[in-house]
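Asks: On the provided structure of chain A, position chain B as indicated by the hints.
Each chain, letter by letter, is given below.
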Amino acid sequence: MTETMLDKRMTVDDIVDQISDGMTIGIGGWATRRKPMALIRAIARSNLKDLTVMAGYGGMDIGLLAATGKIKKLVFAFASLDHYPLEPHFRNARQAGAFEVLELDEGMYHWGLRAAAMKLPFLPTRVGIGTDIINQSGFDFKFVKSPYEDGEEFVAMPALVPDIALIHAHRSDERGNLLTLSVDPIFDELLVRAAKKSFATVEKIVPTAELDMKKNSRYNLVERAMITGVAEAPLGAHPSSADPDYQLDLKHIKTYVESAASPEAWAEYKAKYVDVSEADYQASIGGQEAVKQLPVPIY
Amino acid sequence: MTQNSYSLAELVIAACAEVWRDDGEVMATGIGPLPRIGAGLAKLSFAPAIQTTDGEAWYTSAPVGPGKRAVEPEFEGIANYDRVFSALWSGKRHALVGPVQIDRYGQANISVIGDHKKPKAAMLGARGFPGNSISHPNSFFFPNHNKRAFVEGEVDFVCMAGYNPARYRNGGPPQGLDLRRIITNLCVMDFGGPGHQIRVISLHPGVTFEEVQDNSGFPLAKISDDIPTTPAPTAEQLELIAKIDPNNVRATVFKDNPAGDRRAA
Numbered sequence: 001m002t003e004t005m006l007d008k009r010m011t012v013d014d015i016v017d018q019i020s021d022g023m024t025i026g027i028g029g030w031a032t033r034r035k036p037m038a039l040i041r042a043i044a045r046s047n048l049k050d051l052t053v054m055a056g057y058g059g060m061d062i063g064l065l066a067a068t069g070k071i072k073k074l075v076f077a078f079a080s081l082d083h084y085p086l087e088p089h090f091r092n093a094r095q096a097g098a099f100e101v102l103e104l105d106e107g108m109y110h111w112g113l114r115a116a117a118m119k120l121p122f123l124p125t126r127v128g129i130g131t132d133i134i135n136q137s138g139f140d141f142k143f144v145k146s147p148y149e150d151g152e153e154f155v156a157m158p159a160l161v162p163d164i165a166l167i168h169a170h171r172s173d174e175r176g177n178l179l180t181l182s183v184d185p186i187f188d189e190l191l192v193r194a195a196k197k198s199f200a201t202v203e204k205i206v207p208t209a210e211l212d213m214k215k216n217s218r219y220n221l222v223e224r225a226m227i228t229g230v231a232e233a234p235l236g237a238h239p240s241s242a243d244p245d246y247q248l249d250l251k252h253i254k255t256y257v258e259s260a261a262s263p264e265a266w267a268e269y270k271a272k273y274v275d276v277s278e279a280d281y282q283a284s285i286g287g288q289e290a291v292k293q294l295p296v297p298i299y
Numbered sequence: 001m002t003q004n005s006y007s008l009a010e011l012v013i014a015a016c017a018e019v020w021r022d023d024g025e026v027m028a029t030g031i032g033p034l035p036r037i038g039a040g041l042a043k044l045s046f047a048p049a050i051q052t053t054d055g056e057a058w059y060t061s062a063p064v065g066p067g068k069r070a071v072e073p074e075f076e077g078i079a080n081y082d083r084v085f086s087a088l089w090s091g092k093r094h095a096l097v098g099p100v101q102i103d104r105y106g107q108a109n110i111s112v113i114g115d116h117k118k119p120k121a122a123m124l125g126a127r128g129f130p131g132n133s134i135s136h137p138n139s140f141f142f143p144n145h146n147k148r149a150f151v152e153g154e155v156d157f158v159c160m161a162g163y164n165p166a167r168y169r170n171g172g173p174p175q176g177l178d179l180r181r182i183i184t185n186l187c188v189m190d191f192g193g194p195g196h197q198i199r200v201i202s203l204h205p206g207v208t209f210e211e212v213q214d215n216s217g218f219p220l221a222k223i224s225d226d227i228p229t230t231p232a233p234t235a236e237q238l239e240l241i242a243k244i245d246p247n248n249v250r251a252t253v254f255k256d257n258p259a260g261d262r263r264a265a
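If you read the sequences in order, they're chains A and B.
FYI, in our numbering the residues of the first sequence are 1 to 299.
FYI, in our numbering the residues of the second sequence are 1 to 265.
For the record, the hints were derived by calculation from the structure and aren't laboratory data.
Each pair of labels, with its calculated beta carbon distance range:
#, chain 1, residue 1, chain 2, residue 2, range
1, A, Ala-225, B, Thr-252, 49 to 55 angstroms
2, B, Asn-248, A, Lys-204, 41 to 47 angstroms
3, A, Gln-288, B, Ser-45, 45 to 51 angstroms
4, A, Lys-145, B, Pro-48, 38 to 44 angstroms
5, B, Glu-56, A, Pro-121, 31 to 37 angstroms
6, B, Gly-206, A, Lys-145, 51 to 57 angstroms
7, A, Gln-288, B, Ile-78, 26 to 32 angstroms
8, B, Phe-46, A, Glu-149, 36 to 42 angstroms
9, B, Gly-67, A, Arg-9, 40 to 46 angstroms
10, B, Glu-210, A, Lys-142, 46 to 52 angstroms
11, A, Met-23, B, Pro-219, 47 to 53 angstroms
12, B, Asp-178, A, Asp-280, 51 to 57 angstroms
13, A, Glu-268, B, Glu-152, 39 to 45 angstroms
14, A, Met-23, B, Asn-170, 36 to 42 angstroms
Computed from a predicted structure; not experimentally measured.
Even glycine gets a Cβ: it sits at the ideal position worked out from N, Cα and C.
One chain only, chain B, in its complex shape:
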């Protein structure tokens, strides 16, 4: 690749980092390689106060990338299981997670595909998604933007609460529900449309709104008629990404590690 070129993975990492820009001193949890590297990038550049972990039970001073480590990180605090709940229930966390399905309300699923009693596909189980969703801000990453992920109707089993009025007995969601951004292989979205409608806020280079809409099971809003292009990672960001991910795990996320600007290919 030339000096100014970048991969789709690196574009996505830079977009993931943005979710933590104005969060202050919170626990930043990025699930999966790109969100995790994204949290590291945010910490090393514009959001130094966020706390990231080694993927196990410790907060570390510097972000820890995926895969083999050259040196043991410096530990700056403990993040064992009990403490994770204490932090998340307080609201001092912003997670960037990768569910299997999401719907127009932001309701997300990692439990089952099909009937809950006898599923077509049993996956993880709800994990901590229900509590996360109503306790602190959450963002999402989907590596394949398609109608199997962005489903028509509701997700098969609602693990994460969303902006669906029919689900609330008291007229509105609990105070902690705060869905922020969705980053995919095609675009970046938020919940800023009318009535929290999912809205495209930037398109990755060479992607059209029509392509995104055609791959979504529900109607999307747009931030403007002229949707901005997702900003390319800067040379400085690319250097930081390489520092956080010396094992180049990021190159393995998308098949054949495509370019970030598909028109450049």
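This is chain A alone, in the form it adopts within the complex:
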């Protein structure tokens, strides 16, 4: 019997090469948690343009792509850096009218992913009724009536289908069996199921046995058939967190926030932290040693 080897290992740049101009990319994580930042930095450095970015639970991913002019259209529910409630680069770009937006409720975004994951064109919801979410120009929300006796009318939340989903997880084997070790898996699973293709960066690629899957089963969120490629990217979520491996880097986030104050400050930040290799980036933030010492944040 020959063992079928499924080697899905790639580099961060290999993943970015899978993205083309005008594509819709879905980004996992939540505000300052498990954002696939190594990938976002690589996209920010690339020549890609006119992206539709789906980041329902956005943070620095949206900000960095906005500041580097990558976004044609943004599908989102919020953008925040948590301890710094307003994402400053998102804010600057949005106030300049730099991209088109489809603003959704967090639960609607969740529902759109779930519809896509279930291969349904829509799912009914009451969410959005009575608000301006369903009155946005540029998108024509449809309604659907319950066929049962109640006859209630619902918003038909359309499926949200990214061409490519990007997430960051903790461990993977070379076949794409993932472990997301955080207490809160957020909605990365649904994003992956919703997308046509999904790629994950992980802190570490290990042999399958080391995943200790029986013990860690609850951290295995999705079938490997849903994962097209995995790239090892230690500290790949920095400055967001990949708890329990490391916490968010508030000091770096402050530096990032301050970089939105002027074009000069942004140019300086970009030169130092974006237009550099990932190895240089890691060195500039003190490497694994420093990042693993970051304190647990208090909310």
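Replies: Chain B in isolation, oriented as in the chain A frame:
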């Protein structure tokens, strides 16, 4: 301060706590320090069944105040992101939130000021406000009661649904819409006026109805010609507040931490 004195923040915390008085076993979410301490106060006194979180992914047995913690709290359940939606869609939650604008219908906004396509000020985005507003009870806290917060006309982008008949295709709002109270630095209000009109139900000590009306962009109802004074926190409540907030974060919310009874100054 003397033994019987209390700050405006403490008065507001006690008023915030009241929103959960008769809720039973629900998830109590207070956004911002005063609503969060208020939820803790309710839990430790008259609403022990409510569930509060550590601000992240866990329900805790005892309320967790803002800032540094002396001890790790006891966790009593998980409240991760998916579970928060499951709880809120079921209606088993009462949130006390702090929008930027609210209008006469209770429609609230945290998304943008100005035009949605090219806003004067981009803020958070709608977050979960649309779903919250039609799924479970909601109350509000505004630290600055003025016409920029209590706007004339409608809010710039309606994130939370309210009692505005023009917004409903079927004649009425969805079954879950239940706007409860508004607590500000001047008064406590509810939606108990004619046709859900916002109504002043108590005035903070030394505040007049005229002052509240002058700082609101739309006409307010009153509970009676003789509007009650917002009850001062009791000595026992002040002790509990100090226990929940040992870092005294509450003293930083209002500039110069003013007294709760402005006449006492």
